[in-house]
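Visitor: Based on the hints, put chain B in the right spot on chain A.
Those sequence lines, one after another, are chains A and B. For the first sequence, the positions run 1 to 312 when our numbering is used. For the second sequence, the positions run 1 to 301 when our numbering is used.
Treat the hints with care, since some could be wrong.
[As the list claims (entries may be wrong)] Straight-line Cα separation of at most 25 Å, PhoX-like style, residue types lysine-lysine; simulated pairs:
no.	chain 1	residue 1	chain 2	residue 2
1	A	Lys-68	A	Lys-119
2	A	Lys-89	A	Lys-68
3	A	Lys-120	A	Lys-200
4	A	Lys-123	B	Lys-190
5	A	Lys-80	A	Lys-68
6	A	Lys-30	B	Lys-190
These aren't lab readings, by the way, just hints derived from the structure by calculation.
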Amino acid sequence: MADVVVEQNRRVSSARSRKGGSLRNMLGRKSTVAFFLTLPLILLIALLVLYPAFYSLYLATLNKAMTKFVGLGNFTFLFKRETFWMVVKQSCIFAITAVVFKALIGFVVAHFVHNIPGKKQRKWRGMLLVPWVIPPAMSTLAWLWLFDPSYSAFNYTLSFFGVGPIPWLGDTFWARFSVILVNVWYGAPFFLIMYLAALKSVPDQLYEAAAIDGANWWQKMWYVTLPMMRNIIAITTLFSLIVTFANFDIVRILTSGGPLDTTHLFATWAFQVGIQSSDIPLGACVSLFMVPILAVAAVFILRDVSKRGNEA
Amino acid sequence: MSTLAIDKAGPTRKLGSMSRDRAWALRWSYFFLVLFAIFFLTPPVYMLITSLKSSAEISAATNPWWVFHPTLSNYVELLTSNQFLRFFWNSSIISIVVVIVTMLISIPAAFALARMKFWGSATLATGVFLTYLIPDSLLFIPLFKMLAVIQDFTGIALLNRWYVLVFIYPTLTVPFCTWIMIGYFASIPKELDEAAIIDGASWLQTLLRIFIPVALPGLIAATIFAFTVSWAQFLYPLVFTTSIDQLVLPVGITTTLIKGDVFNWGQIMTGALLGAAPPLIIYAFLMDYYIAGLTAGATKG
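Just chain A, same shape as in the assembly (with noise of 0.2 Å):
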């Protein structure tokens, strides 16, 4: 039997691997192979992401004990509460906020480290992104006790200038000035890695020519820098914008929302209405309105991806 098969097969290749019918034999199994390398991919994204994600509009329709359809029941009893307008707002102000501090600092910062030697540069580039790598849940901490009321380094210090103490996380202003700095701070070496890599692409011979032209520094800013990193700021930026609205973390150990509510992003008011809560239905219905800014900045982030995509 096996004799027979191998000959078989022998047979077949040796016939075909001299001319185009090996090319056409391959092509057939090509697709075959492709197709298994990504069927574990197809299958994790459709099971674990996709259909997730469509359950979630199915559960959202569902009343609290999960035995009744209500349709659109749970959006409109959020409507009409007031927690969850403030929560709106919160996100915004926090995403907004957040994103163009981070922006503005990692540009400042991207191009203090451009301007230095380079041997220089990897120490300090090394030593600027460490928020970046420590996990938030930890670096978190730190800030829940730096912004401790009592004993807090931030007040100990202040004191001295005449000022506070501060309620850091008690005050509704306060609180969301802190969640919002300690996003900045994690975030921001984010924008500084890509800014610099983006300026690292610039041409030297692009400013050498302004230079030549009698350029100053904010034309060589303007007309120079900024046209050619527009590509990389818009990515980072949208792509900073997606992460910082979903942002779970930092909120939910500094504050968990609090004061009364004042903090609560999308993603940690969902935690508490469905999984502290149990309503699971209104917790899903929560978290679904952030997939209308999600699509919006993933398109902008698709086409300018694809764009490029083009050019290369």
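Guide: Below, chain B alone, put in the same frame as chain A:
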């Protein structure tokens, strides 16, 4: 990476010797870099300072920025407590398994997507990128419910079991790793694998003998990324696990070391520092790969 940086130093030095403005620009750069470094490094340094203090020193109203009586008691206490070691062990085993699973899924997929143009391959590549943009905070509730439903139907306990995380984390790591591996694989010259195929190598041999060795930097970047993401993940383990012996490090520290209103800051900071240590150590040695991986998604199409 470093050669690139050294090249940049050329014009800086040349101009610096020519104009005084340049020297001042450099001084200002250093001044602001120091300020930003203080901002970026304060929390980790403060973690270290606090971890070396006894509870008595922490509650005494002395200068919080200095350690007057350094002690390792926090470290000893944590590293001898079974609970903490358990968290550390859970985190390690999960992260290592997730890295392996991620590589097993994303390398073949990236290979197929980068080299074998097949029906729907472009759509799939885009889909992978889109999946990367779907955050964990969107999926934790449906996933939680799914696990509960499966548990009810099959009787297999899935909630409150650390090994479930091994199946969930790849949703976060695989899309990114596949995406950057596609970039690295696509940058390999076509002649290389065409020659291998002509010489009679199978697809698998081409992948193992040519693509993996040549794209090794990308592979290392993806590995570091997968490890860091699994090590830092907080939301999924917080939702899916509750018993103390099933917790991972970030969740374990935040839930067990904070008891009610009593904050044992010395131990919390020690725990946080030990929890931050593995990614920091990896980063200290493999910084260039880590940075290459971070920027790969944006600078390569």
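Visitor: For each hint, tell me whether it holds in the structure or not.
Guide: Do the hints match the structure? See the list:
1. A:Lys-68 with A:Lys-119: Status violated; Cα separation ~66 Å.
2. A:Lys-89 with A:Lys-68: violated (31 Å)
3. A:Lys-120 with A:Lys-200: holds (15 Å)
4. A:Lys-123 with B:Lys-190: At roughly 37 Å apart (the allowed maximum being 25 Å), Lys-190 (chain B) and Lys-123 (chain A) break the hint.
5. A:Lys-80 with A:Lys-68: Judged against 25 Å, a Cα distance of about 21 Å means the pair holds.
6. A:Lys-30 with B:Lys-190: holds (16 Å)
Violation of the numbered hints given earlier is confined to hints 1, 2 and 4; the remaining hints are satisfied by the structure.
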